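Based on the provided sequences and hints, a complete structural model is requested.
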Amino acid sequence: MTASISVGGRALRYTDIAAIAAQAGRDIHAFPYVIRVLLENLARHRAWGADVSEQELQSVLDWRSHTDAGLPLRVARVFLPDSSGLPVLQDLAALRDAVAKHGGDIDAVDARIPVDLIVDHSLQVTYWGDTQAVVRNMQYEFKQNAERYRFLKWAQQAFNGLRVFPPGTGIIHQVNLEFVSPVVQLQSRADGDWAYPDFVIGGDSHTPMINGIGVLGWGVGGIDAEAALLGHAYTFPVPEVVGVRLVGRIPPPALTTDGALLITQKLREFKVAGSMVEFFGPGVRELAVPERATIANMAPEYGATCGFFPVDAATIEYLKISGRDPDVVERVKAYCRANAFWRENPEETPPQFSRVLEIDLSETVPSMAGPRRPQDRLPLPAIPADFRARLHKPALEGGFAVPMDDDLPATALPADGDAPLRLPHGAVVLAAITSCTNTSNPAVMMAAGLVAKKAVERGMHVPEWVKTSLAPGSRTVTHYLQGAGLLQPLEALGFAVIGYGCTTCGGKSGSLPEPVVRAIERDGFVSVSVLSGNRNFEGRIHKLIRANYIGAPPMVVLYALAGRIDIDLDKEPIGRDRDGRPVFMRDVWPTPQEIQAVLPLANAREIFEAVYDPANLDIQTWREMDAPSGPRFPWDPQSLYLVDPPFFKDEPHGDSLAGLATALRQATVLAAFGDSLTTDHISPGGEIPLETPAGQYLADAGVPQREFNSYVARRCNFHVMTRATFGNIRIRNLLLEGEEGGDTLHFPDRRRMSIFDAANAYRQAGRSTIVIAGKEYGTGSSRDWAAKGTALLGVKAVIAESFERIHRANLIGMGVLPLAFKPGEGWRQLGLRGDETFGFENVEQGVRDGQTIRVTARGGDREIRFDTIPQVLTAAERRLMAEGGIPMSVLRGLLPDSVTAQSR
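Note that UniProt numbering has the sequence shown beginning at 1, numbered continuously upward.
No lab work stands behind these hints, which were simulated from the structure alone. Remember, predicted model here, so these are calculated numbers, not experimental data. Be a bit skeptical, because a hint or two may be false.
Claimed, not checked - In silico DSSO-like pairs for lysine-lysine, Cα to Cα no more than 30 Å straight-line: (1) K822 with K271; (2) K143 with K153; (3) K775 with K271; (4) K266 with K822; (5) K775 with K543; (6) K822 with K775.
Said to hold, decoys possible - Label pairs and their computed distance ranges (CB to CB): (7) A385 with P823: 29 to 39 Å; (8) K320 with I106: 41 to 51 Å; (9) K649 with R751: 23 to 33 Å; (10) D749 with M625: 46 to 56 Å; (11) P414 with G161: 52 to 62 Å.
Beta carbons are placed, not taken as given, at the ideal position from N, Cα and C, and that holds for glycine.
What follows is the structure, given as structure tokens:
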């Protein structure tokens, strides 16, 4: 059913979801707004001739009783950071080669919907602490990544609909919020001009940040993004929708970040993993769009697919401030009002949700989350005792396993003459204001500047052992901090702008000062990072830093000044002023009035218009860079950055389930893990250590260690990435009784070796491998290499107590079977040790029909039998498993019928 509206004298057609609901005897206002987006998507594409069945449309109309039905969604666009986007484009280049090899049409391998890629994950904090750092880091970035960037320039001319934002633009999610998203899309077709909701999937898990302006979007793996941009339907199960009623308002001195951490903690406890979260209630009215975006950005941290704020008057005001075209603003308002996507009042009668939780924002207090997970919120006074309690606890109990006879100094002993720097446990060695989560919020950024201003006025400085950096997610931040007179005091404390990218939040924190490195390696003290990011998993921020805390930007400044984490900021001074007098947090913390006084400087439309002027989005270095041309990429066989990937090398074949069933008749455990193993543990990230299999591969190829670059930069070399999968220095493989590092036991001889070497040994012996794990397997960023690396290691199945949504789907996309233990069971509860041989029965039928798969584990004279539940939830996912994963499925769909017929 269609209707039309007139906007600016132009007739726009749209799919009338209220009429569709009424025809089915439903009231559209009883539907959560996220369900309305899904309903519109299915109904419109069905009207446009897509393969959407009546049953699938009915499933979303009856969404509360069809939570396992698969919906064939078609997104409006795909958004990619370079970290996942480069491998996506590399796969497309390889796919063109494979299609050409089989006589297919390479022009069919192209983007069918708009694709934006932002180079934001390659910037490292190599230079810092002065105003020239931003220029020097940019020069170093181009030098380190020239080969990758030339490939991107080739891709930009080779694929239609691909727009590349060069280095220095900002962080993907902040640029999406401030500039890219139109909120309501416009498409001209033969039957007229159509308006419909913007709907985006992104190759990074924090894509839900765009939910802050009423745009539905979430993170997926790169393999899902590949299929979507090629025009394939993105299959998504009908979701559970959890309504979160916000009441109250965040009281000073707490800030938005503290409220987001409170919400994250409570929603984790409420178990919303895999659900869609939609916010309503009087507390929403108190939140400006940047504050909503901060809360929405944290959706992966509370485990949800999205954290949605419907379009309302605040959205319109933000679109105006951020420089959107007036026609776009008018279209958003008119369309959303006409088609039941406008929320007049967040206190109105709410839609019907699966569950409802109330969160009182007035309970918010200044907090940090750490030392390892974003949901582990701690009010400031609780941090010192919590840190000290962890010092001597075993690692498996959340501690740092420091010996009781430790003799480190209680306070820092700065280097003096020949005496080396000595630091106590809890010394803050890295402080970074970074991440789109917070740098998109002017209130918290201005607060950081005000703290710095007051500290500088008192003559304070940051201790020498703290590495400081400021990496905004957009150049708008630099403009308004400069205009408010707050950039200079930040620079005076070492928080000079070092560039525009994810940096520390994504593990690109660069090297620590050499005296600090020597102190850590010599004394083994538990060093600390503080950052305004969204992730603080072990080994993510820096390989030498064991405790990581996330919080608001002004908190980063405070802890940098204090130089330690085990300080009670309510009672102890953060330092002394130039006259030796103690300075407390209360002395430098800004009042709400002081923050409000400078906020108008950040809400100036002229700033956004200048920053996102097309003339300012390009940079000379990028523009002048040479790059290949033509439809197919000329691979360099000597390259160690861009290596032709292996995913399309196999001949297309028929049903892969028979082969999987054969492989799983007898399998060995490659590694065994406990709860909350993240994709940050699985997927390679950060620096490449020399002593690892990946480091040795590069060294053997003649690459000096100083030119290893990061794992993100080497993501297009599968040799590097496979060698480092499960190689995180903080990963705990329980086959080795929880020791840290990427080693395992090889069976049956029980030799200790790297996971990569063990996988090779099993492959050469013709033995299949599996991984066993606990709850929440695969939480963390939407990293395609966590699944790609698992598959390339030869892992055929992962058995866990539960899975994170994106990683579960990514495993299926790579042909790896995710299996769940029955509720209440797990490998440890069943008495498994991991040294058994596992046999799987009923694999084909189990995947096809969702039946349980019986597993028999034999070790010595022991035999343990148990049932597992295939986590292949939709018909589309079952087809993917049968076809061997997305790469083979996509390839088969692009080949001539004569080729695919031969493979059956």
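Tested hints:
Note on K822 and K271: the hinted pairing holds, with a Cα-Cα distance of about 18 Å set against a maximum of 30 Å. Among the hinted pairs, K143 with K153 is consistent with the structure: their alpha-carbon atoms are about 15 Å apart, no more than 30 Å. In summary, the hint linking K775 to K271 is supported, as the alpha carbons are separated by about 12 Å, within the 30 Å threshold. With a CA separation close to 26 Å, the supplied pair K266 and K822 stays within the 30 Å bound.
Our distance criterion of 30 Å between C-alpha atoms is met by K775 and K543, whose separation comes to about 25 Å. Restraint check for K822 and K775: satisfied, since their Cα atoms lie roughly 12 Å apart, inside the 30 Å limit. The supplied range of 29 to 39 Å is met by A385 and P823, whose beta-carbon atoms lie about 36 Å from each other. Distance hint check: the CB atoms of K320 and I106 are about 44 Å apart, consistent with the given range 41 to 51 Å.
Checked against the given bound of 23 to 33 Å, the beta carbons of K649 and R751, roughly 31 Å apart, stay inside it. Checked against the given bound of 46 to 56 Å, the beta carbons of D749 and M625, roughly 51 Å apart, stay inside it. The hint said 52 to 62 Å for the Cβ distance between P414 and G161, and at roughly 56 Å that hint holds.
Hint compliance for this structure: every hint is met.
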